[in-house]
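The listed protein sequences derive, respectively, from chains A and B. Counting from 1 along the first sequence, just add 157 to a position and that's the residue number in this note's numbering. Counting from 1 along the second sequence, just add 157 to a position and that's the residue number in this note's numbering.
None of the hints are false.
Identical copies go unnamed one by one, so any copy, or any two together, can satisfy a pair.
Here are the computed lysine-lysine pairs in the DSBU-like style, where the Cα-Cα straight-line distance is at most 35 Å:
| hint | residue 1 | residue 2 |
| --- | --- | --- |
| 1 | Lys192 | Lys258 |
| 2 | Lys353 | Lys258 |
| 3 | Lys258 | Lys191 |
| 4 | Lys212 | Lys258 |
| 5 | Lys192 | Lys212 |
| 6 | Lys212 | Lys191 |
Everything labelled a hint here was simulated from the structure, so no lab data went into it. All of these numbers come straight from a predicted model, not from anything done at the bench.
These are the residues of each chain, in order.
Number of protein chains: 2
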Amino acid sequence: MNDTAGIETLIELMARLPGLGPRSARRAVLALLKKRGQLMAPLAQAMAEVALTAKDCVICGNIGTAEICPICADPARATGEICVVEDVADLWAMERGQAFKGRYHVLGGTLSALDAIGPDELGIPRLLARVTDEAVREVILALNATVDGQTTAHYLAETLAPTGVQITSLAQGVPIGGELNYLDDGTISAALRARKRF
Amino acid sequence: MNDTAGIETLIELMARLPGLGPRSARRAVLALLKKRGQLMAPLAQAMAEVALTAKDCVICGNIGTAEICPICADPARATGEICVVEDVADLWAMERGQAFKGRYHVLGGTLSALDAIGPDELGIPRLLARVTDEAVREVILALNATVDGQTTAHYLAETLAPTGVQITSLAQGVPIGGELNYLDDGTISAALRARKRF
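Take the sequences, apply the hints, and build the full model.
Next up, the structure:
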């Protein structure tokens, strides 16, 4: 090969990113090589900085640059509501929705007997402690509508029941802009069962 | 937003890579954040290293880590043949084919009156000088089979003609493994015109 070892290594590392394979990683690295000054150097620096400073929030598990993430540190966010999500990506998605003004709890996955992921791995004892310590009124289960997500949601509901906290979950139904014709049968029947007076 | 400024900057920079948009850049950055030690730090380092060391070869325009790229510096590569390609990506593609044992000349684009890219921007005077200086017998035009690529190829053929060097171009025809049914009409007629005795 003509490209030297360093470039090869860079391509291999880039190919490990989700959404990039060996071919698209090579394409991305070539684009970087052509914009060494404007793009490659700043990107490398930004990445090194984030790699050094990024921390998991000790309270909710969100990723920030401090021990406590901006959401947990924000006094304007309601402390009485905790939204439980599987993943930091889900937390970011919720934040983009701009509808939730409480705090979060990131599980970091779902219960899975096969992968030996139990309640301790997901920080569920920590969630229980938070519910008591932070005088939480409502826990919103915003887990993915998958089998694993819903299994974990049921487990959480059972585990949280003795604390007396109100447990809710996201509504299921037709997405905004959705066409019935393209929806799966499960969504249509869930939307029908949860129908509301017009 | 919950993600802090550094992470936002990183996502914006990643989104400028070809093949990544804002969404997939966010996904890639999240994957990086989850593998800070194993992936993010080494990737940042590899990128910074390449950004510092990568250089355009002063002879052929290939990207390497020295003034003269490994191909131009390799005494085993034939000096009498120059393969002209549009882009470093094309050079890498040719090298993967492992069929060419000569040297290259990377134009860095195609002639374009609209974008004010003339012969000087493509290093065509430098190519002419090389043909004389390196006692080149054959110039292989391996430009893309696009309108711009072929226009540039015709210009090159005209410009190189006075030097008396042999000018060839890649064959056009049915790709290996190609099915006639899926080929465009232009390729089929080119393959028919260039048919060979079986």
